[in-house]
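Protein chains in written order, with my numbering: chain A, 1 to 211; chain U, 1 to 468.
FYI, nobody ran anything at the bench for these hints, they're computed from the structure. One should not assume that every hint holds.
[Stated by the list, open to error] Okay, derived cross-link-like pairs now, BS3-like style, lysine-lysine, Cα gap no bigger than 30 Å in a straight line: (1) A/85 x A/125; (2) A/22 x U/371; (3) A/125 x U/407; (4) A/22 x U/97; (5) A/22 x U/155; (6) A/23 x A/4; (7) U/295 x U/3; (8) A/125 x A/101; (9) U/447 x U/3; (10) A/23 x U/295; (11) U/371 x U/295; (12) U/295 x U/155; (13) A/197 x A/23; (14) A/162 x A/176; (15) U/371 x U/447; (16) U/92 x U/371; (17) U/295 x U/42; (18) U/8 x U/155; (19) A/23 x U/92; (20) A/4 x A/125; (21) A/197 x U/155; (22) U/92 x A/101; (23) U/447 x U/97; (24) A/23 x U/97; (25) A/87 x A/101.
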Amino acid sequence: MAWKFDNPLHTLCTDDQNEAAKKVWEGESLGGITEDNNRLPQPILGLLVLTIITAFLITFPLWGQRPNAQIYEEYIALMDSPAIKGKSDVEAMDYIVSTVKASGSQWAALQERHPLEMDDLRLIKDAVIELQRQGADLREYTVLGDRLVLANFEGNWIPDGKGGERRQRLQPWWDKGYTIDIFFIVIFCVACVIVVKRLPDYGWEPTHHGH
Amino acid sequence: MFKYLFAKAEDIPAGSAAVYFGFSSIVWFVIGTGLGSFNAAKLAFPDFVMGSELLSFGHMRQVHVLAVILGWISMAFAMAMMYITPALGNTKLWSEKLGVWNCFLWNVGLSLGLFLLWLGVSSGREYSDLPWFIDIVVILGVLLPLGINVWMTIKTRRTQGIYTTNWFFGAATFMVIIVFTVGNSPEFFQLTGLTEAYLTWWFAHNVLGLWITPVAAAISYYVVPKVTGNPLYSHRIGHLHFWSVVVFYSTPAAHHLMSAPLPEWLKSFASVEGVLILVPAIAFVSNLLLTMTGKWRMFVENIEIKFTITGVLMAIPLNMQGGFQQTRAINWYIHGTGWIVAHAHLALLGFSTFLEAAAVYYGLQTLLRRKLYSLGLANFHFWMLLIGFTTYWVSMTIAGLIQGAGKIYEVPYIDVIIAEHPYMIARWVGGTMVFLGNCVWLYNMYKTAIAGTAIPEGRLPHELAYER
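Chain U on its own, in the form it takes in the complex (with noise of 0.2 Å):
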């Protein structure tokens, strides 16, 4: 990468930005699970790691999530812009360079601040923990020039009509910047009391609605069209997902204080958005489903259809108990629980990761012109994370009804902690099955790189995949 900073434009090859955007991404990933794995260590064995507070769980939470949320998702997701957004414009990257520099001061920038939450430089806000100096990094270093690159690459193409994925990647790298600017206002802006609460969740809410989860939909929205070959079901479908994610999904942030003394009526408003949710995914989840009409064979055979259906899939349950969660009478008994912590691991290590873990194995073949070195350590990173993960999120699940039960019923404090202590074994079970797989997964992907099977000029990565 150090390589290309300096050098002239036209001595970067195309994709080298999301190559190394790919490759960060995985690493991230290997990075963000790994402190998942050790943080639900500590919760299932209170004794492990003693004695050093930098190692203590409130040291070592954000950074889990920050790694995960910035490192893994955000990286995946920057990869992904980069060679669709030009692949769907039949053009180039608007700039390889630009794309570049994004990727190193998004890494510099990204090391320095988890390094910092890990000393404990913290705004003490859940998801917007960075310091303010770190949020004006992030805003001006990492999603600005990632913004510019998508937008110039998408007004410099060469077809008349704008792809769905692409009417996504061009809206959600705007509305981020937003989020990321007016979230973290409270810190920028000294502000307190209720109005800190209420944009430290409009923050939290909308990186959610605005970034992950359209630009996660938007990657299937080409994964499954291009892999597959056939056409996308319904450009009309795209256009009601589109809309109904920056209507709805825009509104409720107020929904995650439903025991908050904010007014009612915005309360009101906010819960019955949070079940509108539901309007954007189930446009999005008929119009994959239905694409994929006569090729339901590739879910079984094609890794990375396998990976997009079942982030597809994961989208039901997701938005199902993202919607009537939050409700009133259901949030009294479940907030502030594991079942929230499970429904935010559904979200990120299900949903979107499934469909991001697609995008990077598709582009990397693609842009390495290698075929993956191996199908079966491929598979094997599949049911690793999809075993993992639902082995969490049962587990969590269960977990946050024993603490909700234990929360309304006033039981004592203790015996919930003995109740629940079973399924914090089991978490740690399926987090540590996840971490496993991406170590197998980086090897799979590095041993792609210097060793795959060259792609032939004309041939797509996929058409090779059981192909000797």
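Pulled out of the complex, with its shape left as it was, chain A reads as follows (with noise of 0.2 Å):
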């Protein structure tokens, strides 16, 4: 099996495995049915490049995770403060927010997206102190509901204060997920390009059964 790699984008036939395609190609009746030898319209070209461009701006940076335990404490903090004694819990929370947000808090985004109401507020509360007291990073805690529990990513290998090492729960901008992504892509844009350019180039059509 001869390889051609002078025009690589032309073909990868030498002149012998071109002619003898074209030859099988037009003289051969799969059942009565034939193909013609058309190059992908380059509107549809276009098409695919941009598929795989949304592919990766549709899913990146991650959206549509939950929240994680850091966004909240700074609601959490004024909780117990003095200016919202004697407020229902919609005034109170309503106060707790529109102040956080007037402080430029750096979570204002994600609290956004993450509404809570007083009563979700005060289900996680005792969780997030207690993981305060502990020094954790609450940023590498989900909160689902009632509970905080420590996020799946998969970052570096950090020292865990116990002499040991353990994952980084931090939520990253880029995870290894994408990475995998470009690698199936590049090798099957690859692997494409050299499956079609074995054939004769798309300048020849055949002519089926003498027309």
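Make the complex out of the two chains shown on their own, each in a separate frame, by following the hints.
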């Protein structure tokens, strides 16, 4: 099986191989069915490129994640504030949210995306305070209703404070899932180009049964 | 069928296995959609058929699902493989006798499996509900013999090249055996927890992605060029379609579990791959629609093309939905709602059913050498299927959005039930139309077999469709 690399985007076959392929292509009837040698129309090619870009944009940066405990730390700190004494739950929550927002919280976007009510805050308050007491990084804990659970992100290995190591559980801006995707897409594109460039160039069209 | 089980190979007429598979598939389609209509009635009218545990929704749902997937869809695939694979290789089916036995064991195994499911003997895992000993029957008595017949027919072909359809047939029959064996491993090896959940959805995803979708597409690669007489638009795009199915459809199983505690990197990976399912879809749709160039009148006039192109067009909303609904942001809203049920029916009752129906219509006429008994009834069947399915899909999509809103905004359950009730009735109406259409189809094909006008030597059925 010979290969030709001098003009790889034109053809990877030798002239002899291309001629043999054309002869079979035109002479063979596959149960009465024939095939043309058209290339992928350019608008369709553009659509495929757009699809690949969209695939990353719509899933990145991890849209739709659950909230982590850190974004509610400021809310919880205000729960015992004298300013909310005597207010209803709704009024108290409005006060907490607007106060935190006015203070220019760095979690403002996530707080807006994951709103909660005073009852929700009450459910997680003790767990957040306990984690703060332990010196835990609240960003590593996902809020699941009334529970705070260690997130399942797989970050770098860091010291666990007990002489060993553990995974960091922070939400990354990029994770290895995307790296694997890029690897897949590159290998796929290369393999596809090789497969179609082993065919006679698309500039040649077969004649079927003499016409 | 029984007389050929122990007959000499040379005494079995060519095409027998395909004909038996064809009629079996229609019968299972009637049964499967009948069960679907019954189940939908239970959801629309809660007091419908009370007092029997065996007729409760929990006993009946999975019988409907497996009857349709392994009975209708997969048997129609087997039918198509039994006549298309040899036709494309200018040869005969490798073993007609194996095909007949395959059909016999398939019907017996599936009947037994569905009976057990109905009694409540189930693995409890969606789509892979069958108990482990029936799984083994399916692998060894159903899928392996089918694969052997297809692979050996391709191997003994009398052509140098292998046409696109046969790449898909050969690869899909291999892949579905792997999917069935590995996907059912939680039951073989008592795997539990997240491993069980992942493998359950690995199975469910790949039955769709590596069996139903590619084989349905492969059928249309045969029917459109064969019936229109046009060459397939592009052999090259066929390559793009085939390899993108293998690469991008086999990998996103984790996107069915976006809210589960799987590693997040796996979900990110699966989510991107899930959108890339659009790559094979775009290749497939563009190749087939461009093949239709100059023959679009057949979309109106010819029953096989009508079914096939409708199925091909349904691949567009199907893959747009499939690609985007699995991303984290959207999945959060529609996961666990009727939206997913609507999507599953768009894949199975929309896209693939229309393609398979065309193959069965065309195959039975060709093999029996008889013209369709009634083109009018065939058109009636088409419209009952299309209107029934569309009613089902639209109503379940709306119901899913209502359920999603109810889930996110914590609306009391009973209020959601009341809000979606009209759409449950519409679902039942749509499903029942499909069922009634299929009853007409069975009658039409039975009459075709016994009273259809004989097709003269050298002519093809679709050439005679409008001749009296």
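Hint check results:
no. : hint          : result
1   : A/85 x A/125  : 17 Å, holds
2   : A/22 x U/371  : 37 Å, violated
3   : A/125 x U/407 : 24 Å, holds
4   : A/22 x U/97   : 37 Å, violated
5   : A/22 x U/155  : 22 Å, holds
6   : A/23 x A/4    : 20 Å, holds
7   : U/295 x U/3   : 43 Å, violated
8   : A/125 x A/101 : 19 Å, holds
9   : U/447 x U/3   : 22 Å, holds
10  : A/23 x U/295  : 28 Å, holds
11  : U/371 x U/295 : 22 Å, holds
12  : U/295 x U/155 : 33 Å, violated
13  : A/197 x A/23  : 17 Å, holds
14  : A/162 x A/176 : 27 Å, holds
15  : U/371 x U/447 : 10 Å, holds
16  : U/92 x U/371  : 23 Å, holds
17  : U/295 x U/42  : 44 Å, violated
18  : U/8 x U/155   : 23 Å, holds
19  : A/23 x U/92   : 25 Å, holds
20  : A/4 x A/125   : 69 Å, violated
21  : A/197 x U/155 : 25 Å, holds
22  : U/92 x A/101  : 75 Å, violated
23  : U/447 x U/97  : 26 Å, holds
24  : A/23 x U/97   : 36 Å, violated
25  : A/87 x A/101  : 19 Å, holds
Consistency note: the structure conflicts with the earlier hints numbered 2, 4, 7, 12, 17, 20, 22 and 24.
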